[in-house]
Each structure stands twice: as structure tokens, then as C-alpha cells.
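Taken in sequence, the protein lines are chains F and L.
Just so it is clear: in the first sequence, position 416 is 416 by this note's numbering, and no numbers are missing.
Just so it is clear: in the second sequence, position 239 is 239 by this note's numbering, and no numbers are missing.
Treat the hints with care, since some could be wrong.
[As the list claims (entries may be wrong)] Computed footprint of chain F on chain L; a stretch qualifies when at least three of its residues, placed anywhere within it, have a C-beta under 8 Å from a C-beta of chain F:
1) 91-105
2) 130-142
3) 148-160
4) 202-212
[Claimed, not checked] Below are the DSSO-like pairs computed for lysine-lysine, each with C-alpha atoms no more than 27 Å apart in a straight line:
5) Lys587/F / Lys237/L
6) Lys57/F / Lys82/F
7) Lys186/L / Lys2/L
8) Lys138/F / Lys115/F
9) Lys587/F / Lys57/F
10) Lys498/F / Lys508/F
11) Lys107/F / Lys138/F
12) Lys2/L / Lys248/F
13) Lys248/F / Lys57/F
14) Lys248/F / Lys363/L
15) Lys203/F / Lys127/L
16) Lys234/F / Lys203/F
17) Lys587/F / Lys508/F
18) Lys373/L / Lys263/L
19) Lys508/F / Lys363/L
[Unchecked claim] Each pair of labels, with its calculated beta carbon distance range:
20) Gly548/F / Ala141/L: 20 to 26 Å
21) Arg594/F / Arg93/L: 35 to 41 Å
22) Gly252/L / Glu83/F: 35 to 41 Å
Simulated from the structure, these hints should not be mistaken for lab results.
C-beta: ideal position from N, C-alpha, C; glycine also.
Chain by chain, the residues:
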Amino acid sequence: MCGISGVASFHPIGDRLYEGVRHLEYRGYDSCGVAFLNDHHLEIRKDIGTVDEVDSKEHLRQLSALVGIAHTRWATHGKVTKENAHPHQSCHGEFAVVHNGIIANYKLLRAELGKAGHCFRSDTDTEIIAHLIEQRFKESGDVERAWVSALRSLEGSYALAMISTHDPERIFCARHESPLILGLGSESNYVGSDFNAFIDYTKNTVILEDGEYGIVSKDSYSVKSLRTGEVVDKDVTVVPWDSELSRKGGYPHYMLKEIHEQPQAVRSALRIGQEEIAAVADMMVGAHRVQLLGVGTTYYVALLGQYLMAQLADMDVPALSSDEFRHLDKSGRDSLVIAISQSGETYDTVMSLRHAKERGAKTAAIVNVMGSSIARMVDRVILQGSGPEVCVVSTKAALVQMILLTRLAIELGVRRGTVSAEKRREYEAALAALPGEIETILNEKSGLIRAAAYRHAQVQNWLFLGRGLYYPIALEAALKMKEVTYIHAEGMPGGFLKHGTLSLVDDKLHTLVFIPPPSTGELHSMTMSSVEEVRARGGFVFGFTFNGTDDIFDGRLALTQTHELTAPFLPLVAAQLLAYFTATALKRNVDKPRSLAKSVTVA
Amino acid sequence: MKALILTGGAGRNLTPFSTTRPKAMTVVAGGSLMRRVLNDLREVGVTDITVVVGQHREKVTAAFKDGEDLGVHLTYVEQERPGGIADAILRARSRFNPGEYFMLVYGDVVTSANPFHQALQSFNAFKGPTACVCLPGPPTARYGNVYLDGTRITRIVEKPTTAGLGNYVLAGVFVLPVDLFTLVEKCGGDMEQVFGQLVREPGLSASIWEEGWIDVEYPWDILAANRMVMDTWEEAKISRHAIIEGNVTFTGPVHVERGSVIKAGAVLAGPCYIGRNCYVGNNVLVRSYTSLGAASLIGYGVELKNCVLFGNSRVGRLSFVGDSVIGENVDIGSGTMTINENMDRTSVDVAVRGEPIDSGLAKLGAFIGDDVKVGAGNTLAAGTVLPPGASVPHHATVGGR
Chain F
1 MCGISGVASF HPIGDRLYEG VRHLEYRGYD SCGVAFLNDH HLEIRKDIGT VDEVDSKEHL
61 RQLSALVGIA HTRWATHGKV TKENAHPHQS CHGEFAVVHN GIIANYKLLR AELGKAGHCF
121 RSDTDTEIIA HLIEQRFKES GDVERAWVSA LRSLEGSYAL AMISTHDPER IFCARHESPL
181 ILGLGSESNY VGSDFNAFID YTKNTVILED GEYGIVSKDS YSVKSLRTGE VVDKDVTVVP
241 WDSELSRKGG YPHYMLKEIH EQPQAVRSAL RIGQEEIAAV ADMMVGAHRV QLLGVGTTYY
301 VALLGQYLMA QLADMDVPAL SSDEFRHLDK SGRDSLVIAI SQSGETYDTV MSLRHAKERG
361 AKTAAIVNVM GSSIARMVDR VILQGSGPEV CVVSTKAALV QMILLTRLAI ELGVRRGTVS
421 AEKRREYEAA LAALPGEIET ILNEKSGLIR AAAYRHAQVQ NWLFLGRGLY YPIALEAALK
481 MKEVTYIHAE GMPGGFLKHG TLSLVDDKLH TLVFIPPPST GELHSMTMSS VEEVRARGGF
541 VFGFTFNGTD DIFDGRLALT QTHELTAPFL PLVAAQLLAY FTATALKRNV DKPRSLAKSV
601 TVA
Chain L
1 MKALILTGGA GRNLTPFSTT RPKAMTVVAG GSLMRRVLND LREVGVTDIT VVVGQHREKV
61 TAAFKDGEDL GVHLTYVEQE RPGGIADAIL RARSRFNPGE YFMLVYGDVV TSANPFHQAL
121 QSFNAFKGPT ACVCLPGPPT ARYGNVYLDG TRITRIVEKP TTAGLGNYVL AGVFVLPVDL
181 FTLVEKCGGD MEQVFGQLVR EPGLSASIWE EGWIDVEYPW DILAANRMVM DTWEEAKISR
241 HAIIEGNVTF TGPVHVERGS VIKAGAVLAG PCYIGRNCYV GNNVLVRSYT SLGAASLIGY
301 GVELKNCVLF GNSRVGRLSF VGDSVIGENV DIGSGTMTIN ENMDRTSVDV AVRGEPIDSG
361 LAKLGAFIGD DVKVGAGNTL AAGTVLPPGA SVPHHATVGG R
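If we strip away everything but chain F, and leave its shape as in the complex, we get:
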């Protein structure tokens, strides 16, 4: 995945172009570059490295141009090299292009263009687009016609922005299956992969749809249909996010900031109107088959949802990983597919939804980013309203998704007669108390968790064990650990131990066990027996426990006893902090772990 920004203005754009692409770094950060028009000449500055690194070498900000485009890359086609960094230009330097996505038919196009005499400087699929436009310009002599004609030849996914010496005041852009939006400022207009590219300058945006292209100049913009060439009337959306919120404030990392924002995020999730949740619950009741979809963190969220639906609403709602969905999809007209995605752009999930829709299924989604592809393509969306999540490792968005699934399960239980009015009030009171309980962990346990993290930072292998609702929690916690610390952590159900994993246990392997409160009876005692099994073989066991648990651990963090419904979320928050502090102890790049990008918009 990559990030695109572009600015056309009455005033020099160097700083804004640089800031725009810097705020998109979470989408990819292995190389970056800018292209701008200087005196009717196209100039490109690019290199490998983060935006700041490239800026210090290439002086991205020091330019007096009024029109330019920029890109931060996360490699898909071609290695991470200066040549492969965007922007790419055509043979004669008349067209420069930045691109997010994958051109499926690029080999074919490359061969054709090669025959027509075009020479390529890079291995990327993007470069052929610049040459293709140049080729079509030779034929038509008009930039817009060349642009449209080139777009029609492309297969695959793209968000594109292009500038040309033949039309030096305008930026051309288009999208197909990759996100792109326009920003409308005063004396300036913007193009970006998302709001972060220009939120400091304007909150007025126009969201481009698949099959549309935009033309942006310093004082005007237009959006046209790629098929008909006619102007499309677009609504201007005002972004409600405060730019200050999407900055770090007093925190050293976005991850810690977002962990600390969880009480607030849960509070706003509990304020989402009952009718929004009820609408999806009604769809579930009306459907013959319901499936929950997610991938990575959101798959674990979906798995937790499966347990909740079974336990609270006595309903079988399988969770499926959206990267595997197409191989299993048996949905039909009476099916409902509920997708979970923070960005709303996750490629596998978008594709799965599309697949299910083609088979006639109804769709719903829990999404954080409003106006995103998934939010717009499903029949019913619950916008989680957790505010921007910048750290690649999802914390608050995932927790809020879990809370919303809990609300959905309660609502479903009411409809299916498994949750009485009294139970419902009890559950709602438990949810209402959760933000305060999380605050207590953040305030009174942070130091204890940090001390434990520093003590065990050198451990190379972790087992994270849980049973019941604590199993998906263990999986999610292990993923946090893996993502941000690069340490091997494996989540599994406690029952798996004697079916193979016990043979791994020795004094080097550490085990973190998520112990349910003693009030859960059998679930508690079964989990405790897993602890005994590991300890009997000389393994080190750290427990996230609740008060009243026997201390049979080598190390533990005791949390305050709470309602069984919300109890699993407390050790999850503790596990997020454990992963965070382990990462800082190991001096990892917390907000941008190696090889990962925030929302995965490629296959």
C-alpha cells in the first residue's frame, strides 16, 4: 500500500506537499518522492527511506512550484530502490505519475509500449502508466483525452495522480479499487489517499468513486465519469476530525496514545444509537446464515464475536478470515455477511464482500473510517467513531469493535429470547463501568506492566493461552506482541497443550495465561490446570489474573474483579501495554513496525 498527496495552489507548495505525504507514512514508508512543475519543466526528487530521511537528502520542501504530487511507497512490484520509488515519468519527462495499487495487465502493456519504442527506468507497474499516457498524447494531442484513454486500458487496482508539462496548472487523478479523495481549500486544492494528507489545511472533501476521475487546479475542481466523460455532481463532505487529535500530543508514540484513548473510545461506542445496533441485529434474525468477516486483528475480533453470539444469543455465527473467504463462501440470497475493518479499505475484506454480494448476500459492516470503500458498499454500516488510529498496530479500534459486537450479541439475545430485560440492564451496566476500569489499569498498573515487560524483554518465545472468550483475546494479544516487538508469540486455546505444544515447553519458553475470574467456575479451573501443566514441565508462567486467584504463577498481574461479560477486555488492555513496553525496551519502531502497513489495500 502507498500514500498519495497532491497540491495545486496560488502559493508555493513545498511544505504542504511534504507534510501531506509525511502524514500518510503509516500507509507505507520504504521510499518517497515528489514531482512538480518548474517553469514548464518537470522535476522529480525521490529516494529510498522515510519521508524525513529523503527530505534531508533531497530537500523535498525547498521548492517554489505551485503544482505538484508526492508519494510514499510500500513496495509490491519491484525492489526498494531509488529507481522504483515514485513519481515515475515518461520517456521525455512530460508526464509524471504516482500510484497506489496493482496494475494487473502491466506486462502486456509494457511489452506493447516497448515495441512502440518506450524505454523503462524501473521495474514497477506504475512507470508504464506514464509512458502509456505519453503514447496516447502523441495520438490525440490533448492531455485529458490521453489520460482517459490510458485509464481505459488499465486493469487492476489504482489510485493515481498525474501532472504534465502540457497542462501545467492541473492535477489529474482517478481511482479504481484504491482510495482517493480531493480536498477543497482556500486558494489551494488537494489530492490525497485519505484525510490525513490535507486535514491541516481543509476539512472539505470530495470522495472519488470507482470509475471516476478528477481534475484539480488551484481555484477549481471537476469530477467526471470515466465511461461517459460527463461531469458528475459530487457532494462536499466535511471531515469532523480535529487535526490535533490525529497528532501525538504529549505521547511518545501513537500506540501509547491510542491505548490511552480507549476509555474515551469505548464511551463513544456505548453512545452509538441503539437503533444502529438493532438494525444489524434485525438483519441477523432475518437471515438463514450469518458470517463474521475480518483479517488479522479483525479476524480475532470476529472470533470473539462468534463466542459472544453463541454464549449470549445461542446463535451459531462463524467467524471467517477474509483472505480465505472466497474458498469457503457458500452465501446466498438468505445470507448475511458482517465485515469488520478499521480502515474500511482492507483489500481481502472488500473482495470477500464483493464476492458475497455477487451471490446475492446481504452485507453489514463495523468500520472506523467514514466514507471508506466498505462503509459505502455494504447495506448497513455501524461507524465505530473511534477517531483516527495512526499506529500500524490496532488497539483502540479493535477494542471498540469488540464492544460493538458485545452490544450486537446482547441485542440479538433479546430478540432470540436468551437475554431477559433484567440481564440486559445488568450487561449494559457492566459495559458502562468498563471505561473506568480501563482507566484504572492505565493509571495504576502501567508501571507494573512496564517493569514486567523490561524484565522479560529478552524472552524469544511466548505462548499465550486462553480458553473460551479468553482464547480470541490470547490470539489478539499474541498478534500485538508479534507485530510490534518482532518476538515470536503464539496464541492458542489452553486445551491444545497436551495435543502437541507441551513438547515445546522448557525453561526458555515463557507462557502468558489469561485467567478468567474465579467466578467463572469451570472455565477458571480448566485454565488454571493449563498453568499447572506448563509449570510441571519447568516452563515460566506469567498470569493476567483477577483478584481472588490462587498464586501459582512465576509472575502475575492481578486485576480488579469485575463482571464476567467485560472481564476479558481488561487483560487485553494489559497485554497491549505489555507489547508496547516490550517494544520500547527493545527500541523497536513502535508506530511503524518493519514490513507492515496500516491498512492492507493490496492482495
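Model the placement of chain L on the given structure of chain F, informed by the hints.
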């Protein structure tokens, strides 16, 4: 922005070193705590600095004078008798202009990176009173507990009674309005009240410090701080004006300053620091986390390990100094052995103001004050403290349980 550094505290838990100097003049990784603070402040462009000095103020003024050598401008304000933070703050009042903000810095804190950079960034985001907060190593009741809601501080519990809480604590770096002086006066110099009032109105925001942070309270904290700073070193730095004889081995980030002589056969394992004009004799083994202040003289065949020598001291031939701190002008006779662990491997107790305190460390040597003379052939038990000026005859055994 101007800064106010407090160095007037008596630091009685840091004896024997605080008996002859302010805590801020304690040395880690080749430089005093104060020097590190001044360098970090200059790095963020804060150069107009007022320093409140108390007992042994001459140690500070002699070392830094008007600050010109460090590129800052220093003004000293005297606090005759230790009178707490509030008293110290009020003494500097006339140096600051109403309506502005200033930076308040505790002079006895060591960090692994420049904390003022983050403090100013956070202040720019909050545009209001800002306090750096951090999680101290193992949770302790030594500091007030800070409660946060996002980055807003909701309350500060000055003397926590609930044991074992892992709260954030005040890290000793603040950006505060100059009106604070009026508030301190109004609260009768009670800092608890001052912070309580700040939290209520106009509000105090937290800048969360996640890098290393050590408040040098007990003598063994010097070793921890020394290690923390040296762990940030990545490269060796050998002055071209040092004399390195043949067959000397350097590994890792070894720093050797100008004028020093490293004799043949010496082995230096970084990170370690050899200050100006030191003499490191033949076949000396300097193991990691050793810091030798200027003009240290290390005799033939000595082994040094995880220790800090403030400077101008001598360690005679064939001695071992490990996990220890040695003040200035100390003379350690040849063949002296610091014992650095208990026979039963339990953590070592150290006498602090006459009371044995558990350091929590299994390896700990001796703490030797300024101007001490230790005769030849001595053994110093783990956790020995020698007060400034003490004299130990030849062939004695000191301390031990």
C-alpha cells in the same frame, strides 16, 4: 524560554557523595548531572538559565562559572538553608517576566535522551502548563502518583499510601506559567497545594516520557544512571591527543579523552569512559560501564568493572574495583579488593544515614567519599561506605556481616 534549575536539595540519602557536593554535581558517564542538563537545555535553544544553589554552591559555580564555555548564560540564586522546592522557586522570582512560561528542572534527574525536546513539543501542542511524567523502573512509593485521563492530569497523590501501584510520576521537568510564583506564595510554599491548584485551574497536561529516567537518590543509583547513559553510546571515540601504546585492545564504544595515556597490554571493553589526562597502566583490565573522571591514575594490573570514579583518584596496582563509586582525590592502596557480593548471593545492604537499606542488587561494591585514603592490601566488604576524609590503615578489613 528561560529555565530554572533546582540544585539546592541536601540529598542526604546520597552520602557519602552529597556530604561534599550538591547532588547535581554527582558524576555519571564522565560528566556531572548538571552538565548533562545544561547541554540538553542548550540543544533545545534554552540558554537563559537560573540555577538555585544551596550547600556547596562553590562546586557548581567553580565548574560552570557564567556558562559561557557551554554556550549558555547562567545566573545563580542562593538558597542558604535547604527550604524545599517552593522556597527555591520563590527565590528566583525576579528573574522571570509575568505572562511568560518558563521551564522548571530538577537537577538530580538523569535521562537517556534529551527530555526538554519532548517537553517543548508537548507544550506547543497543549499551549498550557505541562509536566513530564514517567514510569519509574520498579514501582515505588518514593514519588507522588499521577492520575491521567488521556494527557490531562486529573490528580496527583503526593504521598501514596496504597502500596504497589504502578502509576506515572512527575519526572522533574515542567513548562509552567510565571504566574506560578504568585500561586506558590498564596499556597504558603506547600507544593502539594500548588500542584493540586494547577491541576484544577488552569489544568496541567502530561508529556509522557518513555525513555530511560533515573532519579539519583541513593548511591547505587549512580551506577544505574551511568549504565543507562552508556547504553546509548554506539561508537568508540578516541581523542587524537591520547597516547595509546602497542598491544592495547579496545572493544565496543570506548571513549578516551585528550591527554590520557593507555599503557601496553591494557584491555578496555566498552562502553567505558576514560576522562582527560588519565593514566591507565600496563595490563589494566577496564570492563564495561566503567567511568574514569579526569586525572585518574590506575596502576599496573588493576581490574575495574561497572564503577564510577569522579576524578583525580588513584587505584594502586593489582587492585579490583567493581560495582563501586569513588569520589574525588581518593587514594586506594595497591592490592585492594572491593568485594561485590554477599556469600549467600542475597541482595546487598548499604548504610544510608546510619540505617541499612536493601539496595535490591546482588552485586554491589563500596561507596568511597572524597579525600579517603585506603591503605594497601585491604578488603572492603560489599556495601561498605567510607565517609569523606576517612583513612583505612594497611591490611585492614572493612565492613562485612
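Status of each hint after checking the structure:
1. 91-105: violated (count 0)
2. 130-142: Coverage by chain F holds here, the residue count being 6 at a Cβ distance below 8 Å.
3. 148-160: holds (count 4)
4. 202-212: It holds: at least three residues are needed, and the stretch 202-212 of chain L offers 7 whose Cβ sits within less than 8 Å of chain F.
5. Lys587/F / Lys237/L: Holds - the C-alpha atoms of lysine 237/L and lysine 587/F are around 23 Å apart, at most 27 Å.
6. Lys57/F / Lys82/F: Holds: lysine 57/F and lysine 82/F sit about 12 Å apart, inside 27 Å.
7. Lys186/L / Lys2/L: Satisfied, since the Cα-Cα distance of roughly 23 Å is no more than 27 Å.
8. Lys138/F / Lys115/F: 15 Å, holds
9. Lys587/F / Lys57/F: Distance of about 25 Å is within 27 Å: holds.
10. Lys498/F / Lys508/F: 18 Å, holds
11. Lys107/F / Lys138/F: Holds: lysine 107/F and lysine 138/F sit about 21 Å apart, inside 27 Å.
12. Lys2/L / Lys248/F: 25 Å, holds
13. Lys248/F / Lys57/F: 26 Å, holds
14. Lys248/F / Lys363/L: 40 Å, violated
15. Lys203/F / Lys127/L: 23 Å, holds
16. Lys234/F / Lys203/F: 16 Å, holds
17. Lys587/F / Lys508/F: Roughly 22 Å between the alpha carbons, so the hint for lysine 587/F and lysine 508/F holds.
18. Lys373/L / Lys263/L: 25 Å, holds
19. Lys508/F / Lys363/L: Distance of about 24 Å is within 27 Å: holds.
20. Gly548/F / Ala141/L: 20 to 26 Å: 25 Å, holds
21. Arg594/F / Arg93/L: 35 to 41 Å: 51 Å Cβ-Cβ, so the 35 to 41 Å window is violated.
22. Gly252/L / Glu83/F: 35 to 41 Å: Taking Cβ atoms as reference, glycine 252/L and glutamate 83/F lie about 38 Å apart, which means the hint holds.
Consistency with the previously given hints fails for numbers 1, 14, 21, ordered from lowest to highest.
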